[in-house]
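Student: The lines below spell out each chain.
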Amino acid sequence: MSPVSGSGANPLRDPADRRLPRIAGPSGLVIFGVTGDLSRKKLMPAVYDLANRGLLPPGFSLVGFARREWANEDFAQEVHDAVKAHARTPFREEVWQQLIQGMRFVQGTFDDDEAFERLRSTIDELDKAQGTGGNFAFYLSVPPRSFPVVIQQLKKHGLADQSGGSWRRAVIEKPFGHDLKSAEELNAIVHEVFTPDQVFRIDHYLGKETVQNILALRFANTMFEPIWNRSFVDHVQITMAEDIGIGGRAGYYDGIGAARDVIQNHLLQLLALTAMEEPSSFGAQALAAEKTKVLGAVRLPKDLGESTVRGQYAAGWQGGEKVIGYLEEDGIDPRSKTDTYAAIKVGIDNRRWAGVPFYLRTGKRLGRRVTEIAVVFQRAPHSPFDHTATEELGQNAIVIRVQPDEGITVRFGSKVPGTSMEIRDVSMDFAYGESFTESSPEAYERLILDVLLGDANLFPRTEEVELSWKILDPIEQYWDKHGRPAQYQSGTWGPAEADEMLARDGRSWRRP
Amino acid sequence: MKIDLTDTTAGEINKALVQGRRAIGTPAVGMVLTLVIVTDEENAYDALKAANDASREHPSRTLVVIKRISRTPRDRTSSRLDAEVRVGAEAGTGETVVLRLYGEVVGHADSVVLPLLLPDAPVVVWWPVNAPLEPAKDPLGALAQRRVTDTYASEEPVRELTARAEAYTPGDTDLSWTRITPWRSMLAAALDQVTCQVQAVEVEGEEFNPSCELLAMWLADRLDVPVRRSPSAGPGLTGVRMDTTCGPITLDRADGSLATLSIEGQPARAVALKRRDTAELIAEELRRLDPDDTYASALRYGVDRLNTVPDRGASFSEESEAPTSASTSASASAGAGEPSPAEDAPVAEPEPVQEAAKAPAKKATARAAKKTPSRKASAK
Numbered sequence: 244m245s246p247v248s249g250s251g252a253n254p255l256r257d258p259a260d261r262r263l264p265r266i267a268g269p270s271g272l273v274i275f276g277v278t279g280d281l282s283r284k285k286l287m288p289a290v291y292d293l294a295n296r297g298l299l300p301p302g303f304s305l306v307g308f309a310r311r312e313w314a315n316e317d318f319a320q321e322v323h324d325a326v327k328a329h330a331r332t333p334f335r336e337e338v339w340q341q342l343i344q345g346m347r348f349v350q351g352t353f354d355d356d357e358a359f360e361r362l363r364s365t366i367d368e369l370d371k372a373q374g375t376g377g378n379f380a381f382y383l384s385v386p387p388r389s390f391p392v393v394i395q396q397l398k399k400h401g402l403a404d405q406s407g408g409s410w411r412r413a414v415i416e417k418p419f420g421h422d423l424k425s426a427e428e429l430n431a432i433v434h435e436v437f438t439p440d441q442v443f444r445i446d447h448y449l450g451k452e453t454v455q456n457i458l459a460l461r462f463a464n465t466m467f468e469p470i471w472n473r474s475f476v477d478h479v480q481i482t483m484a485e486d487i488g489i490g491g492r493a494g495y496y497d498g499i500g501a502a503r504d505v506i507q508n509h510l511l512q513l514l515a516l517t518a519m520e521e522p523s524s525f526g527a528q529a530l531a532a533e534k535t536k537v538l539g540a541v542r543l544p545k546d547l548g549e550s551t552v553r554g555q556y557a558a559g560w561q562g563g564e565k566v567i568g569y570l571e572e573d574g575i576d577p578r579s580k581t582d583t584y585a586a587i588k589v590g591i592d593n594r595r596w597a598g599v600p601f602y603l604r605t606g607k608r609l610g611r612r613v614t615e616i617a618v619v620f621q622r623a624p625h626s627p628f629d630h631t632a633t634e635e636l637g638q639n640a641i642v643i644r645v646q647p648d649e650g651i652t653v654r655f656g657s658k659v660p661g662t663s664m665e666i667r668d669v670s671m672d673f674a675y676g677e678s679f680t681e682s683s684p685e686a687y688e689r690l691i692l693d694v695l696l697g698d699a700n701l702f703p704r705t706e707e708v709e710l711s712w713k714i715l716d717p718i719e720q721y722w723d724k725h726g727r728p729a730q731y732q733s734g735t736w737g738p739a740e741a742d743e744m745l746a747r748d749g750r751s752w753r754r755p
Numbered sequence: 041m042k043i044d045l046t047d048t049t050a051g052e053i054n055k056a057l058v059q060g061r062r063a064i065g066t067p068a069v070g071m072v073l074t075l076v077i078v079t080d081e082e083n084a085y086d087a088l089k090a091a092n093d094a095s096r097e098h099p100s101r102t103l104v105v106i107k108r109i110s111r112t113p114r115d116r117t118s119s120r121l122d123a124e125v126r127v128g129a130e131a132g133t134g135e136t137v138v139l140r141l142y143g144e145v146v147g148h149a150d151s152v153v154l155p156l157l158l159p160d161a162p163v164v165v166w167w168p169v170n171a172p173l174e175p176a177k178d179p180l181g182a183l184a185q186r187r188v189t190d191t192y193a194s195e196e197p198v199r200e201l202t203a204r205a206e207a208y209t210p211g212d213t214d215l216s217w218t219r220i221t222p223w224r225s226m227l228a229a230a231l232d233q234v235t236c237q238v239q240a241v242e243v244e245g246e247e248f249n250p251s252c253e254l255l256a257m258w259l260a261d262r263l264d265v266p267v268r269r270s271p272s273a274g275p276g277l278t279g280v281r282m283d284t285t286c287g288p289i290t291l292d293r294a295d296g297s298l299a300t301l302s303i304e305g306q307p308a309r310a311v312a313l314k315r316r317d318t319a320e321l322i323a324e325e326l327r328r329l330d331p332d333d334t335y336a337s338a339l340r341y342g343v344d345r346l347n348t349v350p351d352r353g354a355s356f357s358e359e360s361e362a363p364t365s366a367s368t369s370a371s372a373s374a375g376a377g378e379p380s381p382a383e384d385a386p387v388a389e390p391e392p393v394q395e396a397a398k399a400p401a402k403k404a405t406a407r408a409a410k411k412t413p414s415r416k417a418s419a420k
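Same order as they appear, the protein sequences are chains A and B. Plus 243 on top of the position in the first sequence (first one is 1) and you've got the working numbering. Plus 40 on top of the position in the second sequence (first one is 1) and you've got the working numbering.
Derived from the structure by calculation, the hints contain no laboratory data. Quick caveat: nothing in here was measured; it's all calculated off a predicted structure. Heads up, the beta-carbon is just placed ideally off N, CA and C, and yes, glycines get one too. Do not take every clue at face value.
[As the list claims (entries may be wrong)] Below, simulated DSSO-like cross-link-like pairs (lysine-lysine); rule was C-alpha separation at most 30 Å, straight line:
1) B:Lys89 / A:Lys327
2) B:Lys42 / B:Lys107
3) A:Lys284 / A:Lys565
4) B:Lys314 / B:Lys89
5) A:Lys371 / B:Lys107
6) A:Lys327 / B:Lys177
7) A:Lys658 / B:Lys55
8) B:Lys177 / B:Lys107
9) A:Lys284 / B:Lys314
10) A:Lys371 / A:Lys399
11) A:Lys580 / A:Lys424
12) B:Lys107 / B:Lys55
13) B:Lys107 / B:Lys89
14) B:Lys55 / B:Lys89
15) A:Lys424 / A:Lys565
[What the hints assert, rightly or not] So the derived list for chain B, only partly shown, Cβ under 7 Å to chain A, looks like this:
16) Pro222
17) Leu227
18) Leu301
19) Arg309
20) Ala310
21) Ala312
22) Arg328
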């Protein structure tokens with residue numbers, strides 16, 4: 244019996260029947276590094292939430308792989324605790340009973356051949372006991388240095404082989420390398436074993452509802468797209484700010500820095516979605532084609548010293564709490580040149596965007612946690628009102644807030660009630676969060692489901708990753724040779740140099 | 041906050057809504073639809089609670105239309121509208137107006153509701169009980185894109201299904217249909233796992249639960265095979281058995297929450313199939329506002345075509361025909377013998393019976409229904 248994936252042959256499936264959810268076919272998920280934080284806080288709860296929403300197939304199996312000496316029951320208990328603590332939807336015993344039947348744990352290290360043989364037999368056993376049909380996704384929640392060995396082990400033990408209509412997929416997390424060369428090496432390792440359409444690179448930002456809503460906002464409406472170009476847009480600011488420091492991630496963070504950690508993947512993806520042309524469809528191919536095109540058109544300014552800024556947080560007060568500076572953090576070399584703040588200016592060389600600067604910034608220990616895309620429009624070319632009437636009027640803007648408090652803000656001028664003509668900015672707020680809080684799925688839920696369904700449009704492709712590094716590499720090289728990061732006080736909106744960078748263009752950063 | 045208005049008009053209510061919105065400091069609204077709930081005093085509380093829960097997913101203006109019963113000629117000649125305007129914490133994420141209609145205005149509820157609809161936003165009307173027989177022709181139903189009824193809450197659910205099929209207008213939908221989405225989804229997923237032809241189906245569930253009939257009709261409509269509907273003690277749907285070319289596929293749920301899926305040649309698996317509460321049903325109902333063609337198609341298949349042998353009948357169905365009719369009559373007599381708690385309760389709403397009598401409902405079902413006048417309480 245060979246399970247059919249897809250819906251062609253199933254008479255109960257009908258495209259017109261839109262109540263039936265997209266439910267994954269028979270499948271299982273193998274998590275490497277299952278004892279890690281990400282796995283406990285995000286992956287396990289996401290699997291439970293999916294099951295609770297009825298989106299997982301009967302017999303869905305979850306296999307954990309880690310060094311710890313656990314029996315299946317210990318693993319199940321661990322998942323149980325993680326689900327209780329972090330799941331979005333209420334805990335329901337019957338959902339748990341459904342999930343627990345397919346839970347297995349394989350103990351071993353990544354270089355242990357025997358452990359991978361055990362994993363193989365576990366998968367075979369699940370195919371028989373749970374009817375997973377040989378369809379498995381391997382989620383590599385492991386440090387980058389373990390990537391090659393795990394991938395090679397999967398190959399060696401035949402775990403990556405797709406036979407008889409079944410599928411095997413690999414899910415990998417950032418960082419996808421630390422520069423173009425290492426990214427290419429990593430891609431070579433992965434693609435030696437898995438073909439490009441088997442590889443899913445998780446950028447959890449792309450699973451967020453608001454990010455998907457950028458596409459809806461731009462391409463499902465008529466009122467935004469006509470002004471979404473250089474004739475009306477003055478500039479675009481994309482910000483991802485965190486209020487926390489590096490926490491316990493010193494080992495990972497030092498030497499990587501904010502630009503590699505955030506700009507290369509999240510911010511450039513947001514830029515691509517904001518600036519790309521309309522794709523011919525929402526299929527993975529068409530979307531990737533447009534994103535690749537726009538990332539390929541990104542140009543760096545000639546003078547990188549004038550148009551980039553990096554910084555390190557210094558001691559200060561963050562939201563009423565006294566915090567230490569980056570160089571004083573545990574495990575950080577006091578002479579470290581790693582950036583915890585990075586701001587860059589890029590242009591896009593195409594007909595739509597020529598001459599419109601895109602400012603990207605990210606940082607730790609900034610004023611508050613926020614991610615947003617602000618499209619700032621030009622001032623009206625002519626104003627019938629006299630100067631005093633519009634003195635207080637800023638530029639119109641559409642702000643897409645990605646997190647927290649997802650939503651869209653439109654800023655425009657409005658008359659102040661009263662007898663004199665005075666026009667000031669008002670913000671109209673569409674709180675997406677307010678409307679959809681309870682039912683908005685977590686990004687990981689959506690992404691795991693997409694992996695199981697084989698739906699790749701929310702995952703960046705190899706070319707996108709490599710193009711992003713091509714954008715960032717010259718900046719990192721410039722920073723390596725010139726100067727040191729500027730210090731900024733924790734709890735502020737970054738170093739003064741960043742403000743000066745925009746002031747040189749006659750602009751200023753939004754306070755998010 | 042809550043504003044009480046006595047002997048009022050729609051204009052006053054609109055003013056109170058604006059006043060309430062300003063008072064809580066959120067003049068901008070992000071509401072996506074107007075939900076009109078038409079109900080009686082008895083069911084208003086539960087319905088409103090469900091609607092408020094659903095409004096977290098679909099921020100809406102909820103208008104509860106309560107038609108008060110006039111018991112004296114004096115009451116009938118006077119006419120009064122009372123309203124309770126709730127915004128902020130008391131109203132979920134939207135706004136709620138509870139409208140109480142007395143006397144003549146009861147017959148003109150649409151004149152009260154029309155000025156209170158959100159501009160340019162979709163309108164959904166939901167009758168938790170006593171839905172009109174032709175929802176689309178009802179003055180309130182005519183205002184709506186989507187009309188939600190609940191046959192489960194009616195006196196004779198199965199006969200009412202037939203009436204619904206006859207009156208069906210695009211945009212009609214029924215909570216008995218919403219209730220079976222998880223079942224349909226699971227059955228479709230089960231068929232995803234095998235490549236075989238379904239030859240016959242049996243749907244088993246509570247006798248007075250129209251969801252069983254709807255599921256059976258959907259399966260019959262999609263699969264084009266004989267479908268048997270057999271009664272069980274419940275709760276709700278208890279099982280579906282599909283006989284396929286590669287052995288039986290069964291989905292059994294004895295306890296109303298955890299089901300077992302067994303496929304020939306594969307081990308039995310537990311799947312969660314909890315009976316959902318009304319808030320979840322309404323939230324699902326509001327997710328899509330376009331006509332539900334699948335429902336229409338299943339509903340129009342016709343209750344009377346269940347339990348029959350189609351022309352190209354397989355051997356299975358011929359064998360099963362005899363036990364089917366036997367079980368139907370058995371259940372009818374069982375219904376008669378059963379001491380019904382509501383035996384002497386009066387029939388509340390006479391119209392559906394008259395209308396349904398015209399419908400070609402199965403005699404056996406009708407007989408069974410008459411002998412147990414009100415199963416509404418136990419069905420809920």
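Student: It remains to establish, for every hint, whether it holds in the given structure.
Tutor: Taking the hints in turn, this is what the structure says about them:
no. : hint                : in the structure
1   : B:Lys89 / A:Lys327  : holds (27 Å)
2   : B:Lys42 / B:Lys107  : holds (21 Å)
3   : A:Lys284 / A:Lys565 : holds (27 Å)
4   : B:Lys314 / B:Lys89  : holds (20 Å)
5   : A:Lys371 / B:Lys107 : violated (59 Å)
6   : A:Lys327 / B:Lys177 : violated (49 Å)
7   : A:Lys658 / B:Lys55  : holds (24 Å)
8   : B:Lys177 / B:Lys107 : holds (18 Å)
9   : A:Lys284 / B:Lys314 : holds (26 Å)
10  : A:Lys371 / A:Lys399 : holds (23 Å)
11  : A:Lys580 / A:Lys424 : holds (21 Å)
12  : B:Lys107 / B:Lys55  : holds (23 Å)
13  : B:Lys107 / B:Lys89  : holds (18 Å)
14  : B:Lys55 / B:Lys89   : holds (24 Å)
15  : A:Lys424 / A:Lys565 : violated (40 Å)
16  : Pro222              : holds (5 Å)
17  : Leu227              : holds (6 Å)
18  : Leu301              : holds (5 Å)
19  : Arg309              : holds (5 Å)
20  : Ala310              : holds (5 Å)
21  : Ala312              : holds (4 Å)
22  : Arg328              : holds (6 Å)
Taken one by one, the earlier hints fail for this structure at numbers 5, 6, 15, listed in ascending order.
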